[in-house]
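Heads up: the sequence lines are chains A and B, in that order. For reference, each letter of the first sequence is one residue, going 1 to 185 in the UniProt record's numbering. For reference, each letter of the second sequence is one residue, going 1 to 185 in the UniProt record's numbering.
Not one of these hints is a red herring.
Straight-line distance between alpha carbons at most 25 Å, and here's what the computed SDA-like set of lysine to any residue pairs gives:
1. K179/A <-> M1/B
2. K136/B <-> T131/A
3. K172/B <-> V174/A
4. K181/B <-> V11/B
Don't read these hints as lab results, they were simulated from the structure.
There are 2 protein chains.
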Amino acid sequence: MKTYRKKNFPVEMIRRYLEPGPIVLVSSHWKNENNIMTMGWHTVMEFSPSRIGCFITSANYSFELIRKSRECVINIPTADLVNEVVGIGNCSGSEVDKFQKFKLTAEPADKVKAPLIKECYANFECKVTDTSLLRKYSFFILEVVKAHVPGSPKYPTTLHYRGDGVFMISGKSVSYRRKFKPENL
Amino acid sequence: MKTYRKKNFPVEMIRRYLEPGPIVLVSSHWKNENNIMTMGWHTVMEFSPSRIGCFITSANYSFELIRKSRECVINIPTADLVNEVVGIGNCSGSEVDKFQKFKLTAEPADKVKAPLIKECYANFECKVTDTSLLRKYSFFILEVVKAHVPGSPKYPTTLHYRGDGVFMISGKSVSYRRKFKPENL
Chain A
1 MKTYRKKNFP
11 VEMIRRYLEP
21 GPIVLVSSHW
31 KNENNIMTMG
41 WHTVMEFSPS
51 RIGCFITSAN
61 YSFELIRKSR
71 ECVINIPTAD
81 LVNEVVGIGN
91 CSGSEVDKFQ
101 KFKLTAEPAD
111 KVKAPLIKEC
121 YANFECKVTD
131 TSLLRKYSFF
141 ILEVVKAHVP
151 GSPKYPTTLH
161 YRGDGVFMIS
171 GKSVSYRRKF
181 KPENL
Chain B
1 MKTYRKKNFP
11 VEMIRRYLEP
21 GPIVLVSSHW
31 KNENNIMTMG
41 WHTVMEFSPS
51 RIGCFITSAN
61 YSFELIRKSR
71 ECVINIPTAD
81 LVNEVVGIGN
91 CSGSEVDKFQ
101 KFKLTAEPAD
111 KVKAPLIKEC
121 YANFECKVTD
131 TSLLRKYSFF
141 ILEVVKAHVP
151 GSPKYPTTLH
161 YRGDGVFMIS
171 GKSVSYRRKF
181 KPENL
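Here chain A stands alone, though its shape is the one from the complex (with noise of 0.2 Å):
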């Protein structure tokens, strides 16, 4: 599988990557447990702090990790991967160690104890800051305090799911920048 060579990203910016709307991995740890599960309802929220906000419900096996350690990283899986997506998104952390079964590299986080999915395009390191959601939503709201993205290829091709087993693969990216008052960039 190919890997990236990443580098500190600033947190304010990962919209770049969120609000395109990918379907994304989010691993997570828990005592001496690693898990992953396949995440499509996120939003992001505010530039600064970097708040995501998320649906991930109790019938996840993450669920409880995350909750728990109060921690997550957000993966940014490529089109390539989309085997690895579904599959993580078809079994149970309660049943299988997902990293050795799809082959995936847990590399350590700098600032959480989730690993981060060495295989992903980015990686985003996230503290959940409020759970008072989850019992009416399933919502949790998470800041990014580490993102690791590469320098290149600029724009990642991205899974974004369509349900009923049906991905749209991200196309071209166009600018339109010309067309922008500056404070609306």
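Please build the complex by placing chain B on the supplied structure of chain A, with the hints as guidance.
Structure of chain B alone, referenced to chain A:
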């Protein structure tokens, strides 16, 4: 501009269009005024009720229209509407009538007073169901009460914002349905 022959669409299935993360146009109505804003920070939060969460700040002229009326319509523009999407995001409803300025057609909705944008691929009529997260997170909780979607094309070509004036244009859709457990589709 292209228009679509739309039909009633099951509200619990709108994730097909929103989960991939397109930029959307939000139309609103309050007293004798209609407005439109461009929005990129939103997520599906539940199938049934068909729940959406979205980030809209009071810096947007639409904020008060949506807050007071407790309604809006989420419209999905296709990539050919990129100039309208950028233009709408770079002027204010406090100064211009955006329907008039961008030659868009306000069609009556069925269950809300906010208008549908006829030229958009799909229209989701929404009620605001929870405003308790506005103060802390500028986050509206919406319920889709009626959805209008054309029979064809099945998947629209959409715009996905990366910030900095750059849009990703959605690419092809591929099915991995056979690799899913039925309960996970």
